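With the hints as constraints, model all of the structure from the sequences given.
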Amino acid sequence: MKVNEVPQDITYYEGEKRACYALNDEGKYVIVTSTGWSAEEVVNGLAVEELAANLEETRKAVLKGIKSPLCYHMERRQMIPEILSKTAGMATFRVKRHFRPEIFAKLKLSVLDLYAKALAVNIEELKTVPKSQGR
Amino acid sequence: MDKEITAGEKPFVHHHSAHCESGVTSALFRDKGVEISEAMIFGIGSGIFFGHLPFVKWVGLPISTYRSQPGAVFRKAAKRLGGKFVTQRFRNPQKGMDELKRVLKTGQIVGLTTNIYWLSYFPNRFRFQFNGHNIIILREIENGFRVSDPVLDHPVDCLTEDLERARFAHGPMEPHGFMYYPKEIPQNSDRRIACIKGMKDTCNMMLKIPLPLFGIRGIRFLAKRIIKSGDTLGFKEACRQLANIVRMQEEVGTGGAGFRFMYAAFLQEAAELFGSNDLARLSQEMTAIGDVWREFAVVSARVVKQRGHAEDNFSKAGGLMLICAGQEEALFRELHIVARKLKA
Chain X
2 MKVNEVPQDI TYYEGEKRAC YALNDEGKYV IVTSTGWSAE EVVNGLAVEE LAANLEETRK
62 AVLKGIKSPL CYHMERRQMI PEILSKTAGM ATFRVKRHFR PEIFAKLKLS VLDLYAKALA
122 VNIEELKTVP KSQGR
Chain S
19 MDKEITAGEK PFVHHHSAHC ESGVTSALFR DKGVEISEAM IFGIGSGIFF GHLPFVKWVG
79 LPISTYRSQP GAVFRKAAKR LGGKFVTQRF RNPQKGMDEL KRVLKTGQIV GLTTNIYWLS
139 YFPNRFRFQF NGHNIIILRE IENGFRVSDP VLDHPVDCLT EDLERARFAH GPMEPHGFMY
199 YPKEIPQNSD RRIACIKGMK DTCNMMLKIP LPLFGIRGIR FLAKRIIKSG DTLGFKEACR
259 QLANIVRMQE EVGTGGAGFR FMYAAFLQEA AELFGSNDLA RLSQEMTAIG DVWREFAVVS
319 ARVVKQRGHA EDNFSKAGGL MLICAGQEEA LFRELHIVAR KLKA
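Chains as they are written, first to last, in this note's numbering: chain X, 2 to 136; chain S, 19 to 362.
Because the hints were derived from the structure by calculation, they are not lab data. The structure displayed is predicted, hence computed values, not measured ones. Idealized CB from N, CA, C, for every residue including glycine. One or more hints might be untrue.
Computed list of chain S residues with no C-beta within reach of chain X, every gap over 10 Å [to be verified]: (1) Gln112; (2) Leu225; (3) Ile227.
BS3-like cross-link-like pairs, simulated, lysine-lysine; straight-line CA separation at most 25 Å [claimed, not checked]: (4) S:Lys323 with S:Lys254; (5) X:Lys29 with S:Lys361; (6) S:Lys215 with X:Lys29.
The following block contains the structure:
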């Protein structure tokens, strides 16, 4: 890769820049900053969209009363039950059980507090999901 | 390159680097007055590698890696350059944070292993649950820390709360608040011996591991899987996996082409150090290989986007990867011979 081949296609890093190694005119390697590459946008976009789509599905399921808001907040933090159970200091089967809305509704404040701390949200937020799509 | 001040009133120059771990290690060496580049650390620490682990899943996708396991570059480079480091892990987050503050007060900058999701200064779309990001803490500020993240081109602020979460995140490869800082760094260690050790180790890892998942054999294995993946997995799943491979190559701070350009930079520096024409030529070859990897990324992106030329398909992407495998095999075989001849 030459210096003038370092991709500057798009501003993809929200104002940040990324370092790339490239050859300058004298054939020496230098670090050049890149603002974004369209090929990277495609592949990373796929992963980000997938996460967003899954999250949206869960949000709808919560509103329909199939899953508890806990499930939504876990997915929002890109966690899985195993990670959440370790972070909150609880058994994995309990976490999975709390995905059922009727059981989640009866949880004690102390348990909710553990989840709120693990997910970095406050207890009010934890009990609800946003009404509209988006983070 | 911003000027910063550490807690010990010492100036600190932030260098923008491609990869977090080699960037942090070279910054720790520089802080002790040993001028060493990121690429040099990467080469001495034998950072370049390839591995494909189809049975280890990360967010439901098999892991492909273009570098050695996290932590290895730091460990190997420190050892080969004769640096003594203090490394600590903690069970208790409070103790971990207190110890960090104590060390910072002595004027020492500290390297930390963190979870990238909880570092809120990162662009949102790069925040994934990954427990292997390395950063440098410069000093304590009001309810937070001044952070020199080598992947960003300027130092940033990080809240104490975020940092504690990032250091003590759970999941695969838990960091347990891992922190490291130099105790003793020799001012004139022999870089030539270290370079030769690094090169030989790299050649062994790329050529001699008797499993089909690692090194050159790993690249071939994955390339053949990609060629077949359109039929075996279905178009959508095959795209997900292909996209993930390209992400690992370009996305996670590799300096382009899955560290191949960074390694070429190392070979170039080593060529100057030894005055060796062989190494200079190998560096150019490595650059050519990196360009093929970039082409692989472009073709893969086109496949994923289902656009452009009809001839872009999984077999073409896999074919490019097979070319990379062939060229890299020849290169590392030659490097092995050249490295043995070099005089320390």
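Each hint, compared with the structure:
With a minimum CB-CB distance of about 14 Å to chain X, S:Gln112 clears the 10 Å threshold, and the non-interface call stands. Distance check on S:Leu225: its Cβ is at least 24 Å (rounded) from any Cβ of chain X, clearing the 10 Å threshold; non-interface status holds. At the 10 Å boundary, the C-beta of S:Ile227 stays outside the reach of chain X, the nearest C-beta of that chain being 26 Å off. Distance restraint check for S:Lys323 and S:Lys254: the Cα-Cα separation of roughly 11 Å lies within the 25 Å cut-off, and the hinted pair is therefore satisfied.
Between the alpha carbons of X:Lys29 and S:Lys361 the distance comes to roughly 24 Å, so the proposed pair stays at or under 25 Å and holds. For the proposed pair S:Lys215 and X:Lys29, the alpha carbon gap of about 24 Å is at most 25 Å, so the pair holds.
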